[in-house]
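Asks: Sequence:
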Amino acid sequence: MSRRAVLADPPNTTPEEPTMSHVSAPGFVDVIRARQPEVGDAVARLFEAAFAPGELPLKIKLLIALAIDAAGRHPNGCLHIADMAREAGATERELDETLAVIAALCGTGGLATASGVFPQLRGAGFGGL
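Heads up, the sequence shown is in my numbering, so the first residue is 2 and it goes up one at a time.
Any given hint might turn out to be false.
[What the hints assert, rightly or not] Now the in silico label distances, taken between C-beta atoms and shown as ranges:
| # | residue 1 | residue 2 | range |
| --- | --- | --- | --- |
| 1 | E98 | A43 | 31 to 41 Å |
| 2 | A43 | I65 | 19 to 29 Å |
| 3 | A51 | P120 | 23 to 33 Å |
| 4 | G108 | T20 | 28 to 38 Å |
| 5 | A101 | V40 | 30 to 40 Å |
| 6 | A105 | R36 | 30 to 40 Å |
| 7 | T20 | A51 | 19 to 29 Å |
Hints are computed from structural coordinates only; laboratory data are not their basis.
In this text, a Cβ means the ideal position worked out from N, Cα and C, and glycines have one as well.
Take the sequences, apply the hints, and build the full model.
Replies: As C-alpha cells, this is what we get:
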C-alpha cells in the first residue's frame, strides 16, 4: 500500500468551522491543584495564557504542542492534542505536514510516537497505542 493510500485525506478536505476556541489546562493539573493549590493554579494560568487568542491561531499552537509531545515521546498526549487541533480547524493535510516536521526534527522515534494520530495507523506498530 502506498503512503498516499494510507494517509489519504477523507473526501472532504475543506476545513470545517472550528468547534474549539480555547484550551483549558489538562486534567493532570487538577491533581496538582488538589495537592498544591498555588502550584496547580499557576500551571493552569500558564496553560490558559499560552493558548489564549493571540497572533497564532489556536490550531497552530496545538500543532506545535503536538510536535513537542512527539519529541517527548508522549503518544497519548499526541492523540489528545491532534483531536483538539482537529476541533480547532486543523485539516488532515496540516497534520500530515506536522508529522513531516516531526520526522525532520525528531527522527523516526518522534514520528512513530505521533503517527497514532491517524486512526488507520493505530495497531500497525505506530504511535505507541
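Asks: Indicate, hint by hint, whether the structure satisfies it.
Replies: Outcome of the hint check:
Checked against the hint of 31 to 41 Å, the C-beta distance between E98 and A43 comes to roughly 34 Å, which is consistent with it. Taken as a hint, the range 19 to 29 Å holds for the pair A43 and I65, whose Cβ atoms sit roughly 21 Å apart. Hint check: A51 to P120, Cβ distance near 28 Å, so the stated range 23 to 33 Å holds. The hinted range of 28 to 38 Å is satisfied by G108 and T20, whose Cβ atoms lie roughly 33 Å apart.
Against the hinted window of 30 to 40 Å, the Cβ-Cβ separation of A101 and V40 comes to about 37 Å, which satisfies the hint. At roughly 39 Å, the beta-carbon separation of A105 and R36 lies within the given 30 to 40 Å, and the hint holds. As the Cβ distance of T20 to A51 is approximately 20 Å, the hint placing it in 19 to 29 Å holds.
Of the numbered hints given earlier, the model fails none.
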